[in-house]
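Student: Residue numbers (the numbering used here), protein chains in the order written: chain P, 5 to 441; chain B, 2 to 147; chain Z, 31 to 384.
I should point out that these hints are in silico values taken from the structure, not numbers from a laboratory. Warning: the hint list may mix true and false statements.
Here are the simulated DSS-like cross-link-like pairs (lysine-lysine), alpha carbons at most 27 Å apart as the crow flies [stated by the list, open to error]:
no., chain 1, residue 1, chain 2, residue 2
1, P, K294, Z, K312
2, P, K11, B, K86
3, P, K100, B, K136
4, P, K355, Z, K312
5, P, K100, Z, K38
6, P, K355, Z, K159
7, P, K11, Z, K159
As the structure is a computational prediction, the values presented were derived from the model and not from experiment.
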Amino acid sequence: MSSAEEKVEYHRLVEEEVLAGMRKPRKAYWAALSGCVGLAALGAVLWGYQIKKGMGVEGINNPVGWGSYITNFVFWVGIAHSGTLISAVLFLFRAKFRSAFNRSAEAMTVFAVMTAGLFPLIHLGRVWHAYWLFPYPNQRLLWVNFRSPLMWDVFAVSTYFTISAVFFYVGMIPDLAIAKRFETGLRKRLYSALSLGWVGSFRQWKHYTRLYLFLAAFATPLVVSVHSIVSWDFAMSILPGWHTTIFAPYFVAGAIFSGTAMVITLVVPMRKLLHLERFITVDHFESIAKILLFTSLLVTYSYVVESGLAAYSGSVYEKGTFLYRMTGDYKYLYWGMLFCNSIVPLTLLVKRLRRNLVFLFGLSIFVNIGMWLERFVIIVTSMARDFDPYAWGVYKPRLIEAGIALASFGFFFAAFLLFTKAFPVVAVTELKEVADE
Amino acid sequence: MTERYSFDTKDAFLEKLDELVRSGVPRGSINTFTPYPVHEAEELLDRSESPVRFFTGAGAVAGCVAGFAFTIYTVLSWPLVTGGKEIVSVNAFIVIAYELMILVGGLSAFAGFLFLTRLPVFRNILSDSVEFSRKFEITVESEERR
Amino acid sequence: MSKPRLGKRNLILAVVIIGVVVASVELFLRRTPDATFLVALTFMTAVVEGCVALAATGELSKGVWLIPIKRELYSVYPLLLVVAFLSLLLGAKIEIYDWSHEPNRWLNARFFLARNFVVLLLAFFAARKLVRAVSRGSPNKNRYAGFYIALFIVSQSLVAFDWIMSLEYPWVSTLLGGYFFIESFLTGLCAAAVILFFRMRDPSHGLTGTLRDTAKMMFAFSVVWVGFFFAQFLVIWYGNIPEEVGYVLTRVNEPPYSWLSRGVILSVWAVPFVLLLSGAVKTMPRVVAAIAVLMAAGLFVEKLVFVLPVASVSPPALAVEIALLLALVAAHMAGSHSIVAQEVTTPVENDTRG
């Protein structure tokens with residue numbers, strides 16, 4: 005990027021090639037989109053069935069009152085966090101490599117939070133009472149229980165969705181102004197309205213840069229606090245295996261871990277299909293892979309500390325819980341989780357593998373599965389066997405829960421596919437800025 | 002009359018801007034249009050801090066205060082001991098106040114930005130060529146037009 | 031900065047003399063076992079490991095802002111060896127641990143001393159390899175930085191779980207290991223601020239950018255620290271289970287520990303947070319160094335809050351030991367030219383990737 009002509013040419017290329025991704029989609033896109041929408045529709049049907057017949061159609065019962073729905077909730081909130089990390093935290097650290105990913109990562113965050121937000125509703129049973137979760141003045145002078153971690157969740161996830169959406173939108177304003185100049189008709193009007201008449205004047209940039217900095221500064225504590233609060237849904241109990249102080253940073257590390265894997269799952273194919281190889285390079289992926297490796301090590305550390313201190317404490321309940329995880333009804337899931345989360349990512353210590361996109365894609369699938377299993381194992385095993393042996397029981401998810409879990413993936417991918425055709429998937433303005441430095 | 006200078010690269014743009022400022026053109030009458038924020042231009046034209054931080058700060062404080070005020074008010078309005086915690090359990094309320102602080106602070110920052118930049122601006126909406134977003138432009142308003 | 035008096039030989043002499051003095055005092059003069067030495071050693075380990083960890087993290091993240099002070103930060107690595115050997119002295123004080131009367135497979139004097147010694151020793155070797163690789167500009171330095179960080183995390187976790195948490199066996203907090211390594215990292219940042227204060231007395235320093243970034247990191251990590259503190263506190267407070275809550279109740283509700291705890295939160299988080307919000311403050315070396323000293327003092331007092339309800343400490347002996355040990359740290363930093371080669375502070379080419 006040395007000579008002036010090269011820079012000018014790069015500016016033009018960035019705009020045209022990225023915005024070309026928003027052109028008319030090919031058959032494969034429509035096939036993928038219909039598949040995902042179909043899956044999501046199936047989920048809606050299953051949910052409708054559950055509402056009609058009642059919560060008994062799925063496997064959640066005594067003693068395991070939280071099963072696959074809460075697993076999905078925690079899983080999707082976790083996925084969302086990595087997007088904010090790449091976008092906001094790496095911005096504060098002035099890491100240049102973020103510019104290739106951050107738009108897709110922010111979109112992933114918004115859609116993942118939306119998907120996650122569905123699950124407390126699905127799990128609620130009587131969805132029409134969902135508004136009771138929000139504090140509003142009523143005739144009976146009742147207020148919500150602010151001491152409950154479930155209520156903290158309501159505030160945390162709502163805040164996270166709002167701020168992430170605002171951050172995503174604000175970051176896009178200059179790019180939407182570019183996009184409108186390439187479009188005609190209805191799309192032109194849409195982008196014009198969304199870009200608010202942005203022209204990149206001195207005053208606009210001055211206030212914009214401060215706004216972006218503040219939003220990044222606010223989003224950063226959100227990354228840590230929201231998943232800490234979600235982990236406190238469990239840690240605030242007294243169940244062995246749940247009641248442990250490490251949950252907050254452990255879940256945050258796990259969230260970034262699973263979210264980074266999802267970024268890789270989404271961006272590797274997207275880069276190829278939209279011909280963005282020039283802008284999203286192997287170097288970028290290597291940096292993301294290093295984050296994946298580091299968070300995998302943090303998660304492994306947490307596993308070791310938890311089990312080690314359970315043995316150390318001499319508490320018969322703590323030891324019992326961890327032995328149950330390793331040797332009990334869910335032992336295949338436990339060892340599968342360890343394999344996917346702790347062993348497989350160790351391969352990223354090899355530089356050649358870090359730079360191999362096919363390998364990274366495969367690895368990211370393993371990590372996604374492993375992290376889903378981890379949430380499931382944590383949630384279910386502690387409830388299946390808690391203090392009193394008389395109250396022990398086993399939870400088997402039913403088909404309807406599997407269907408809804410799959411449907412959530414359909415919903416998420418459908419939203420992301422729609423995003424790739426509606427908005428610029430790479431931060432054009434930022435790429436120009438980075439190239440010119 | 003508005004003088005308009007258009008450049009393809011940041012360096013040429015900054016050279017001209019520097020020349021204009023040195024030649025005594027009043028800074029208030031110079032405006033720039035750039036594809037991305039140019040830090041050096043800000044140094045030359047207007048180093049004052051953006052007031053967005055006041056909106057942000059005010060919003061954050063308001064959110065935090067509202068968080069505590071609301072939770073404490075509601076819990077005193079119907080004092081119910083849950084989980085053996087004290088009626089005004091500040092530790093739990095810290096979480097709520099913290100989230101509200103971030104929510105209101107962030108939204109206030111955005112509102113402040115819209116207010117200060119006077120966006121959305123509907124006049125500009127349906128104009129502009131494709132080339133515009135790649136150029137670095139300087140416009141100078143002369144006295145009569147003010 | 032490189033005074034001839036602080037050459038390698040003099041530093042080694044200082045280390046040996048101070049080490050022997052401290053060891054003799056603890057072994058022979060102060061016979062009744064108390065936790066004075068434990069507190070001094072814990073804080074010293076935090077400072078030394080934290081400084082090297084900060085520099086190692088800078089290597090891995092290609093943090094350009096850290097380069098000017100890397101030399102002083104790396105210069106304390108020989109003290110890791112000192113700390114490893116001093117940790118064996120805890121054997122003379124093992125009576126302060128209740129479990130020493132009823133040992134089990136994990137908590138028995140021999141294994142306790144051995145594992146901490148080995149991990150600290152390994153951390154020393156990793157740090158030495160790292161510093162040598164950085165001095166040569168070797169491409170392997172990232173690997174050694176990774177090794178050191180891993181050993182840093184493990185050794186600080188052991189310090190937390192073994193030295194501090196087992197004082198109140200069977201009290202357990204799984205976060206304590208993480209809490210300690212964050213504190214150690216934060217102590218390293220405070221040391222960086224103090225280094226910058228001394229370096230910036232020379233008018234041609236060019237270090238304002240480094241100071242600003244150090245101040246930002248201090249701000250960020252003080253927030254991370256208070257987040258970890260709150261995470262531990264909230265879980266224990268909310269669960270209210272007898273086997274855990276007594277620990278916190280003593281330290282938060284009963285005077286004088288309640289006053290100390292509040293002081294700790296004020297000095298490590300509240301005051302630095304408010305002061306470091308301002309952009310202007312971040313570029314004032316005296317203010318930032320003062321804040322750093324306040325934070326380090328708070329982190330030190332916190333070690334006392336952990337230990338005092340269970341074991342006694344002798345204030346004059348503690349003051350002397352801490353002064354001697356920190357003098358060693360200062361001496362190494364002042365004489366850093368003779369420990370670490372100049373090449374450490376040359377930015378590496380091909381570092382254009384963010």
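Student: Are the Cα positions of K11 (chain P) and K159 (chain Z) separated by 27 Å at most?
Tutor: Outside the cut-off at roughly 42 Å; violated.
Student: Holds or violated: K355 (chain P) with K159 (chain Z), Cα cutoff 27 Å?
Tutor: Holds. K355 (chain P) to K159 (chain Z) sits at ~21 Å (cutoff 27 Å).
Student: Is the Cα-Cα distance between K100 (chain P) and K136 (chain B) 27 Å or less?
Tutor: Given pair K100 (chain P), K136 (chain B) holds - Cα atoms ~23 Å apart, limit 27 Å.
Student: Given the hint that K11 (chain P) pairs with K86 (chain B), test it: the Cα-Cα distance must not exceed 27 Å.
Tutor: Status violated; Cα separation ~63 Å.
Student: Hinted pair, alpha-carbon criterion (27 Å max): K294 (chain P), K312 (chain Z). Please report holds or violated.
Tutor: violated (31 Å)
Student: What's the verdict on K355 (chain P) and K312 (chain Z), does the C-alpha distance respect the 27 Å limit or exceed it?
Tutor: Violated - the C-alpha atoms of K312 (chain Z) and K355 (chain P) are around 38 Å apart, more than 27 Å.
Student: Are the Cα atoms of K100 (chain P) and K38 (chain Z) separated by 27 Å or less?
Tutor: Violated. K100 (chain P) to K38 (chain Z) sits at ~41 Å, over the 27 Å cutoff.
In summary, the numbered hints that this structure violates are 1, 2, 4, 5, 7.
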